[in-house]
Amino acid sequence: MNERIREILSWYASENPGVRANLARMLNHGRLGGTGKMVILPVDQGFEHGPARSFAPNPAGYDPRYHFELAIESGCNAYAAPLGFIEAGAAEFAGDIPLILKCNNHDLLNDEKDPISAVTASVSDALRLGCSAVGFTIYPGSAERNQMYEQLRDIAEEAKSVGLAVVVWSYPRGSSLSKEGETAIDVVAYAAQIAAQLGADIIKVKLPSEKVEQPEAQKVYQKYEIPISTLAERVHHVVQSAFNGRRIVIFSGGPSAPDETFYNEVRAIRDGGGFGSIIGRNSFQRKKSDALKFLDTVMSIYEGSIQ
Amino acid sequence: MNERIREILSWYASENPGVRANLARMLNHGRLGGTGKMVILPVDQGFEHGPARSFAPNPAGYDPRYHFELAIESGCNAYAAPLGFIEAGAAEFAGDIPLILKCNNHDLLNDEKDPISAVTASVSDALRLGCSAVGFTIYPGSAERNQMYEQLRDIAEEAKSVGLAVVVWSYPRGSSLSKEGETAIDVVAYAAQIAAQLGADIIKVKLPSEKVEQPEAQKVYQKYEIPISTLAERVHHVVQSAFNGRRIVIFSGGPSAPDETFYNEVRAIRDGGGFGSIIGRNSFQRKKSDALKFLDTVMSIYEGSIQ
Amino acid sequence: MNERIREILSWYASENPGVRANLARMLNHGRLGGTGKMVILPVDQGFEHGPARSFAPNPAGYDPRYHFELAIESGCNAYAAPLGFIEAGAAEFAGDIPLILKCNNHDLLNDEKDPISAVTASVSDALRLGCSAVGFTIYPGSAERNQMYEQLRDIAEEAKSVGLAVVVWSYPRGSSLSKEGETAIDVVAYAAQIAAQLGADIIKVKLPSEKVEQPEAQKVYQKYEIPISTLAERVHHVVQSAFNGRRIVIFSGGPSAPDETFYNEVRAIRDGGGFGSIIGRNSFQRKKSDALKFLDTVMSIYEGSIQ
Amino acid sequence: MNERIREILSWYASENPGVRANLARMLNHGRLGGTGKMVILPVDQGFEHGPARSFAPNPAGYDPRYHFELAIESGCNAYAAPLGFIEAGAAEFAGDIPLILKCNNHDLLNDEKDPISAVTASVSDALRLGCSAVGFTIYPGSAERNQMYEQLRDIAEEAKSVGLAVVVWSYPRGSSLSKEGETAIDVVAYAAQIAAQLGADIIKVKLPSEKVEQPEAQKVYQKYEIPISTLAERVHHVVQSAFNGRRIVIFSGGPSAPDETFYNEVRAIRDGGGFGSIIGRNSFQRKKSDALKFLDTVMSIYEGSIQ
Amino acid sequence: MNERIREILSWYASENPGVRANLARMLNHGRLGGTGKMVILPVDQGFEHGPARSFAPNPAGYDPRYHFELAIESGCNAYAAPLGFIEAGAAEFAGDIPLILKCNNHDLLNDEKDPISAVTASVSDALRLGCSAVGFTIYPGSAERNQMYEQLRDIAEEAKSVGLAVVVWSYPRGSSLSKEGETAIDVVAYAAQIAAQLGADIIKVKLPSEKVEQPEAQKVYQKYEIPISTLAERVHHVVQSAFNGRRIVIFSGGPSAPDETFYNEVRAIRDGGGFGSIIGRNSFQRKKSDALKFLDTVMSIYEGSIQ
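Chains as they are written, first to last, in this note's numbering: chain A, 7 to 313; chain B, 7 to 313; chain C, 7 to 313; chain D, 7 to 313; chain E, 7 to 313.
Since the hints were made in silico from the structure, they are not lab data.
All of these numbers come straight from a predicted model, not from anything done at the bench.
Treat each hint with caution, since some may be false.
In this list, chains with the same sequence are indistinguishable; a pair is considered to hold if it fits within one copy or across any two.
[Said to hold, decoys possible] EDC-like, lysine to aspartate or glutamate: derived pairs with alpha carbons at most 20 Å apart:
| # | residue 1 | residue 2 |
| --- | --- | --- |
| 1 | Lys-293 | Glu-231 |
| 2 | Lys-185 | Asp-117 |
| 3 | Lys-212 | Glu-98 |
| 4 | Lys-294 | Glu-266 |
| 5 | Lys-299 | Glu-309 |
| 6 | Lys-225 | Glu-54 |
| 7 | Lys-119 | Glu-9 |
The whole structure should be built from the sequences, with the hints applied where relevant.
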């Protein structure tokens, strides 16, 4: 294991060797293995948005095996999906790529103002399917957030006790936030802090905007002149907000954007000290050859082989 | 075991041998045994609609033994019913036909806008009664759906751990859907996807209409020109939405219709790549001799001996 | 054991020998022992209506021992009561009469539109007190019905696993029913079906009226000309609705009525194929000598020694 | 053990020897030991009303040891208090007086229309602290009553299984009762019945007024001319309502009153067949010397040494 | 162990030796070790107020190690924080300072009128991380308070059974209190009493104002002329309200104030018989050198080396 990975693992000294081994497994896997950067393929859109909205742009994606193949061929660090998708490939691709079992999910057939996901898989499922980690979404800002935090705690405690790492999707949503506030810099930084305090090993947040949502926070950002005008600065602030960089924070891009825009966001993540990207729709909703080229560019930026 | 059944079982490689054996038991039983097609007799209408509405058209059906006999004599692959009906015949007909214990049920004496069924039987019940599978209904679209998904997960995890297969009735309902939306093609496809992601081994949905309910989905169906104008195309799209055909999806017909209409629906299921039918009221609400003739025709269409 | 009791037990072939032995114990006890008919004394009115409304008409009833004595001396098949009343006599009258521990109860100090009873005793209580069965009330039609069904399932599963029979009081109530609808023939038949599907060994319902409550049911009753004009016909339809007579269904009379009216109801239960009566206030709210005479007449009608 | 205590214990023949031994321990302790009468000191006012309202009148009471001393020196049968107060003296006064651990409590910092107490101690706490009984409050009439009844059942079942007696405070309150109705004779009698049916060994109720709250009950009280005009008659009716005197019923006096009034209430309890008093604020809110004199008079009345 | 610590421990005679050892560990640690006074550093503001509002004033605090260092170098008795912060330093600073794992937390991304915290850590977490105590916040006055009391009871019972001490933050809040009422003397004293009755070993409350919130309490404060005009008198009354000084009560200061004001508050705590301070924002939101000087002064006041 190289120095950088050793350093990262040192931040997790309270975790048992099983959890640290699984973190190492993900950090050392794939094309970015050993760099301390990660690109993860998540495919929960079938549950979250329905099958046609997810897979019609590239119908190969209706088949769960496709995503295993895409993640493996592109050299991702890990592949994350709900129970059904993992079950549908875990035997065939056993040992080929670290797996993250997404343990809760939300659908849009009934979209609440204060959302909460259903718990849809267990730590036992993750173990029997050979996963390296469990994934869990929380919605800070939702009136139901306490229930999600407590579900996460239960799953995280059980997962860590059997050596699985814990990946938390921390997505502010709910009646107390404006739509733009969901990606406001103060809110995203707060979401990263909450996930870290809840014991997340890896934290996934959305890229933050320049907006500051909370009046009390606004005073502080102005008084202390926290730099948030560039995306790299905002990434830096979010990473700082997750234990001053001592927790792995990765970023998602949201709906599809022109590739060059996306590459620039990756550059900002890299320059701001972020640990990588979790890229779903932007990769699996195009043909595999295009997706491989796209992910190759992303990874090259993280590697530094492309500036 | 023939090639087709072996192929189907290969999609369930993450399940333990017990679950796969029970899937094989159902796939290999009855007149369609070995074809990869299934016809299942479900009789939960007594609970769902009350006894007179269910059994007055053919009073022999008040007796729980009647349905065992009908399923056996017609050569169905399996018989599904709530606890009471299964208990009332499981000893007498032990070993004669694979049984599916319906583990939740809903009655109409209090009909809510956002329905949820009561959990009315357990995995232990299924085991002591010699069942091959548990059955469970979810109502995607209901504000109570998360609770149902979580109840299903608990029962499914326990059932699979003891080698029982899991059959999910996925019926969109609730305040967020229009009445017609419950069978809209996008909604039925979404319901199939959700059931598959929740780990269902066999998925039961209603036959979809041409309607597209969700505006966001409509854009996608139009942009990618997903073919949904014929029933066979819609069946194909639903099967595709359940892991590209790698999960067994069967269809129910709803209230009674002229037989020829029904046979045409069966042809569409067959031609669209569906795996079979689950036929309740259309079979047990007529005299047994008529029902046997009716089911004979249905199975002949699936076999291909009738076009 | 005589033929009739053997026949009745044959309907319960899925139950373990312990449950069947307790059913036999109740069927073979008392004056009607061996006839296949039952008269049960229930005394939960103290909890349900308060002590003065229950016992002031015959103050001997304040003493819990009185009801044991009344049930024993009159030759009832069993005595049913809440925890406190059973505890207050179970030691003194151990082995003298089969006991049914009523495991949930409802009081009128706060009367809700959608009622639910409190669970007030456990299967362990029933075992330590030497009971033959547990009793449980459900209110189909109440918005809280799912919770009651699930509580019943838990208790029934545990009770049966230790050899106790399960007696279900199925009383439609709640905001979705009219007051008269609670005893409408379609509703009572539906309530009997639900109890049977939930696994009840013995079902207690109220005597049904000629009214049909549900519009959808009304169509069926008319189309198929289900005979419901006499009380005996309605009893027959309810018994048919509980697995075509293959579950023990007994009837309660409600508030006090002239004795001759009551006897005629008993005749109708007998002639309609009902299995007996559960008689509370009509027996314990009169002097013991009167009650013994009254119950003697009731049992004579069931025996056939009085027409 | 004398005849009277033996007689009282005979009413509890369904309880195990452990519970009966603890009942005997309380009945035989202190100045009234062996008389079948009890005076219990309860000090939960600190939790229920706040510390100043409880202890400022006699600041010695801020110290939890004071109440142990008061109960011991006055010769009470038992001392009842919440977890903290019991923990603060159980070691020092181990074995000096039977203890009742009050397992739920309510504060007035948020006073609901339909109150429910928090469960604040467990049966394990009672065992490790050397208690003879657990205490629990229910509020019949509250919309939350079912939850309290079920909490009580859980605690009572566990407590009795380890030989602890169960003392129930049955205090009607809630949106369905008028303020005066909380102590109406029909309501208090109903509350005693409910506690007895729930399995209480000792029942604590408030002294009832002449008012009859419920219209349905009023008819019965008039028709059967139940005597309720004197306090002794009302006490008799409440005791009758708790299994015709076969459960220990004790009475609380409520807020402070002139001593002579209080003594007359004690006389009425004695003359009506009540089993004693539970006296909190009237004893610990005066100087210890006064309290000892006051309790001496109360006990003398129960003994009969004072008429 | 010196006499004063022995005396304090004698108040906890009902606790097992494990709990008493951990209390001793905290009382004997740091600069105030052995004095019976405590200063604790709590850092849960990252969760409670968000990272920027908490750490921007002194960015070193984004790093969880900083707070361990600050607590150790200043000679605090213990350090308290949520799971994530404790996990991020427990291995590196193992054995250097007693740790208090804050087991529930609240964020402001959705701020309810009747707040409740999420349970975010467990007793097992506290054990595996080498903590001496668990910390838990209750909000007396909130409509959700019963749930918090019951969560605390569960955690406290489990914690004590494995030898961990229990520290309770008792902060009145909720719809039934005015904003000023949250620190009213009657309310703070009541909050201390509730925490003590719930079994808290160490109680943390806010410094009380002269306001009396509850009308019923006001009458008592006036009638008995309870001295509450100086802060020291109010501290004395709060300590008296927690079992007459037989529970450790420490005080928090709230948002930053001029240092001299703060020192005067510390003098009042000392003079009123309080046991110390829990100081968060006032210490970690300034540079470390300033914080060390500030805490040095605070501890000197408690020691008595500064008047």
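Do the hints match the structure? See the list:
no. : hint               : verdict
1   : Lys-293 to Glu-231 : between (45 Å within a copy, 17 Å between copies)
2   : Lys-185 to Asp-117 : both (14 Å within a copy, 17 Å between copies)
3   : Lys-212 to Glu-98  : neither (32 Å within a copy, 31 Å between copies)
4   : Lys-294 to Glu-266 : within (19 Å within a copy, 44 Å between copies)
5   : Lys-299 to Glu-309 : within (15 Å within a copy, 46 Å between copies)
6   : Lys-225 to Glu-54  : between (36 Å within a copy, 17 Å between copies)
7   : Lys-119 to Glu-9   : neither (46 Å within a copy, 50 Å between copies)
The structure shown violates the earlier hints numbered 3 and 7.
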